[in-house]
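Colleague: Just so you know, the protein sequences line up as chains Z and P, in that order.
Be aware that the first sequence starts at 163, since it is given in this note's numbering, and climbs by one per residue.
Be aware that the second sequence starts at 9, since it is given in this note's numbering, and climbs by one per residue.
Don't read these hints as lab results, they were simulated from the structure.
Worth double-checking, as some hints may not be accurate.
Claimed, not checked - Some chain P residues judged to face chain Z by a derived CB distance under 7 Å, without partners named:
#1 Q49
#2 G50
#3 F53
#4 Y56
#5 G93
#6 A96
#7 T113
#8 F116
Claimed, not checked - With a straight-line Cα cutoff of 30 Å, these simulated DSSO-like cross-link-like pairs (lysine-lysine) come out:
#9 K217/Z - K272/Z
#10 K217/Z - K279/Z
#11 K272/Z - K240/Z
#12 K65/P - K232/Z
#13 K22/P - K272/Z
#14 K65/P - K22/P
#15 K279/Z - K240/Z
#16 K275/Z - K19/P
#17 K272/Z - K19/P
#18 K275/Z - K240/Z
#19 K19/P - K65/P
#20 K235/Z - K22/P
#21 K19/P - K79/P
#22 K217/Z - K240/Z
#23 K65/P - K79/P
#24 K235/Z - K272/Z
#25 K272/Z - K65/P
#26 K232/Z - K217/Z
Think of the CB as a built atom: it goes at the ideal place given N, C-alpha and C, for glycine as much as any other residue.
These are the residues of each chain, in order.
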Amino acid sequence: AQTVTQSQPEMSVQEAETVTLSCTYDTSESDYYLFWYKQPPSRQMILVIRQEAYKQQNATENRFSVNFQKAAKSFSLKISDSQLGDAAMYFCAYRSANYGGSQGNLIFGKGTKLSVKP
Amino acid sequence: DTGVSQDPRHKITKRGQNVTFRCDPISEHNRLYWYRQTLGQGPEFLTYFQNEAQLEKSRLLSDRFSAERPKGSFSTLEIQRTEQGDSAMYLCASSLSQLAGRGNTQYFGPGTRLTVL
Chain Z
163 AQTVTQSQPE
173 MSVQEAETVT
183 LSCTYDTSES
193 DYYLFWYKQP
203 PSRQMILVIR
213 QEAYKQQNAT
223 ENRFSVNFQK
233 AAKSFSLKIS
243 DSQLGDAAMY
253 FCAYRSANYG
263 GSQGNLIFGK
273 GTKLSVKP
Chain P
9 DTGVSQDPRH
19 KITKRGQNVT
29 FRCDPISEHN
39 RLYWYRQTLG
49 QGPEFLTYFQ
59 NEAQLEKSRL
69 LSDRFSAERP
79 KGSFSTLEIQ
89 RTEQGDSAMY
99 LCASSLSQLA
109 GRGNTQYFGP
119 GTRLTVL
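Could you put the whole structure together from the sequences, leaning on the hints where they help?
Modeller: Right under this line is the structure:
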């Protein structure tokens, strides 16, 4: 079974600085997707960024970028120029790319709570 | 596009009562997922529909839980004889499947927070 581990329960960053959130995963599959979701306090979960395992190029979305190391099964999220609105729980998630199969659920880590100091 | 909606947003019930939650996915999405999130944890998968067919159920989904998606549109999740351990946030997500199983990002609703007294 696949697992996702986020080893940093809490992180803190100064506004305008850069922070990196860690995520490792375990799988025997070669094709899958990885995601970072953001869950602000009392608000719904939104997608930050996604990465296809077959792509070597790291995904970027504005101030958010990932460092995807497939061999090491590592998928970290870098937030540049941190803003107060970035404060939230961040969840790393894994999804199998099971062709023709029924499996489609996400497997989440326990999350990292990010605080942004003004 | 109105996004995924869930109703109610909060539900307080007494142990032993039945509760039902509703999820309305993004209109063109054919896949619908239910997750449960307890305090300090990431969401855990419960069950998944493609159109009206329930294709997968987690071991977390005991026989007190039942989910339906009639006509492949909205979905309901019912919990019978609630227990205090059922207290959690119940999240719904939807996605649009693509040919050969690629792609499809899941978009989440705001969740229903259940408190069982």
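Colleague: Between the alpha carbons of K275/Z and K240/Z, is the straight-line distance 30 Å or under?
Modeller: 14 Å, holds
Colleague: Need the status of pair K272/Z, K65/P: alpha-carbon distance at most 30 Å?
Modeller: Holds, at about 21 Å.
Colleague: Can the restraint linking K217/Z and K240/Z be considered satisfied, given a maximum Cα separation of 30 Å?
Modeller: Holds, at roughly 18 Å.
Colleague: Double-check A96/P for me: the hint is only fine if its C-beta lies closer than 7 Å to a C-beta in chain Z.
Modeller: 14 Å, violated
Colleague: Going straight from one Cα to the other, do K65/P and K79/P come out at no more than 30 Å?
Modeller: 19 Å, holds
Colleague: Holds or violated: K19/P and K65/P, Cα atoms, limit 30 Å.
Modeller: Judged against 30 Å, a Cα distance of about 24 Å means the pair holds.
Colleague: Return the status of the interface hint for G93/P: holds when the least beta-carbon distance to chain Z is below 7 Å, violated otherwise.
Modeller: 19 Å, violated
Colleague: With a cut-off of 30 Å on the C-alpha distance, tell me whether K235/Z and K22/P pass.
Modeller: 44 Å, violated
Colleague: With the threshold set at 30 Å, check whether the alpha-carbon distance from K235/Z to K272/Z stays at or below it.
Modeller: It holds: about 17 Å lies between the C-alpha atoms, which stays within 30 Å.
Colleague: Minimum Cβ distance from T113/P to chain Z below 7 Å?
Modeller: The hint holds - T113/P has a Cβ within 7 Å of chain Z, the shortest such distance being about 6 Å.
Colleague: Are the Cα positions of K275/Z and K19/P separated by 30 Å at most?
Modeller: 26 Å, holds
Colleague: Does the closest beta carbon of chain Z sit nearer than 7 Å to the beta carbon of F116/P?
Modeller: It holds, given that the least Cβ distance between F116/P and chain Z is near 4 Å, below 7 Å.
In this structure, the hints that do not hold are numbers 5, 6, 10 and 20, in rising order.
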